[in-house]
Amino acid sequence: MFVIKNYVTTGGTVACALAIGYLMQNGWPAQSDDAQVQSDVIANQSSVIAGLQDVVLTSSTPALDTPRGAQPTQRTLQPSRSTPSDPSKCALSARAHAVPGASARLTVKAPCHSNERIEVHHSGLKVTQKTDKNGRLDLTIPALSEYAIFLISVDDQTGTVATTHIPDMADFTRIALQWQGNTDLQIHALEFGASYGGTGHVSANTDTGGAGNVVHLGQSGFGDAQNIEVYSFPVSQTDQTGSIELTIEAEVNDANCGHDLALQSLELRGDRRLRSRDLTLTMPGCAQTGEFLVLNNLLQDLTIAAN
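Numbering (the numbering used here), first residue to last: 26 to 332.
Treat the hints as calculated values from the structure; they're not laboratory data.
Among the hints, a few may not be true.
Computed cross-link-like contacts, SDA-like style, restricted to lysine to any residue with a CA-CA straight-line distance of at most 20 Å [what the hints assert, rightly or not]:
no., residue 1, residue 2
1, Lys158, Val260
2, Lys155, Ser245
3, Lys151, Gly234
Between beta-carbon pairs, the in silico distance windows are [claimed, not checked]:
no., residue 1, residue 2, range
4, Thr188, Asn278, 29 to 39 Å
5, Phe247, Arg161, 10 to 20 Å
6, Asn159, Gln265, 12 to 22 Å
7, Gln262, Lys114, 17 to 27 Å
8, Lys114, Asn321, 26 to 36 Å
9, Ala287, Val319, 34 to 44 Å
10, Gly295, Asn159, 19 to 29 Å
11, Thr188, Asn140, 46 to 56 Å
12, Asn278, Asp193, 14 to 24 Å
13, Thr224, Lys114, 21 to 31 Å
14, Thr188, Ala287, 26 to 36 Å
15, Ser118, His284, 31 to 41 Å
16, Asp193, Tyr221, 50 to 60 Å
Just so we're clear, the structure is a prediction, and the values are computed from it rather than from any experiment.
Beta carbons: idealized from backbone N, C-alpha and C, even for Gly.
Whenever a hint applies, use it, and build me the whole structure from the sequences.
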């Protein structure tokens with residue numbers, strides 16, 4: 026039913042370092058000599074992230090005096106179709122701060138991008154959202170790294186960055202699944218022998234619950250939207266020992282029937298190393314539209330030891 030294409034092991038900070046390398050190549054503010062050496066090392070790593078071709082960064086560190094005649098290195102915000110006469114009013118900005126559950130609350134202000142598509146990148150995750158009528162986005166997203174970096178881009182290829190520290194990151198085991206398009210994928214966790222519909226059955230769409238929780242993020246209305254589901258289990262708060270069975274349910278619909286669906290899982294388990302797997306799921310023919318596939322072997326079960 027599915028084929029594992031490859032298995033990649035990555036450190037939790039690798040994606041962040043590559044993203045910083047990309048941004049440095051496109052214009053950090055001036056730095057001291059020691060900071061510049063460190064920046065040059067990171068900048069040698071390449072990372073291509075769609076939609077972040079023009080990023081404007083701000084810093085609380087004063088820039089050094091610019092030599093006479095030197096050309097400025099910081100890029101400027103590209104005007105969008107709704108740009109007013111004063112370009113400064115279109116500045117794209119974002120802030121992030123930690124919230125309980127090893128998550129971050131992300132606040133984005135894009136005054137010239139009301140009711141528009143926006144992409145959020147974090148440690149390999151990518152999710153599509155939509156700004157409100159004022160060009161704002163408030164989003165709470167489960168973090169995949171203690172020092173979390175969020176890259177935000179809009180359709181005119183401008184972008185910005187927000188960072189925060191997640192102090193309770195080590196308290197959670199986390200499994201994320203991401204995919205693109207109009208497909209309904211669901212993570213179901215059966216904690217410590219729970220049965221479907223009973224206590225300990227955890228999903229984003231169930232009335233039952235357990236120690237963990239599932240968060241679904243994505244924006245309907247975009248045919249190529251990036252979607253994610255994230256299951257989190259509070260390993261530091263449990264007194265139980267056992268396993269958690271993880272299954273994936275996939276709805277067959279007119280958009281995916283008879284096609285191959287590309288998926289990616291990102292897993293943060295007991296050793297705190299972020300691992301990703303690329304997978305291909307072959308969907309049934311359109312005669313089975315409306316039915317659900319239950320995939321029991323797509324994700325490895327979690328093993329939990331009491332503290």
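How the hints compare with the structure:
no., hint, verdict
1, Lys158 with Val260, "40 Å, violated"
2, Lys155 with Ser245, "9 Å, holds"
3, Lys151 with Gly234, "26 Å, violated"
4, Thr188 with Asn278: 29 to 39 Å, "38 Å, holds"
5, Phe247 with Arg161: 10 to 20 Å, "18 Å, holds"
6, Asn159 with Gln265: 12 to 22 Å, "45 Å, violated"
7, Gln262 with Lys114: 17 to 27 Å, "46 Å, violated"
8, Lys114 with Asn321: 26 to 36 Å, "53 Å, violated"
9, Ala287 with Val319: 34 to 44 Å, "20 Å, violated"
10, Gly295 with Asn159: 19 to 29 Å, "43 Å, violated"
11, Thr188 with Asn140: 46 to 56 Å, "27 Å, violated"
12, Asn278 with Asp193: 14 to 24 Å, "37 Å, violated"
13, Thr224 with Lys114: 21 to 31 Å, "52 Å, violated"
14, Thr188 with Ala287: 26 to 36 Å, "29 Å, holds"
15, Ser118 with His284: 31 to 41 Å, "39 Å, holds"
16, Asp193 with Tyr221: 50 to 60 Å, "30 Å, violated"
Hints 1, 3, 6, 7, 8, 9, 10, 11, 12, 13, 16 from the list above are not met by this structure, while the remaining hints are.
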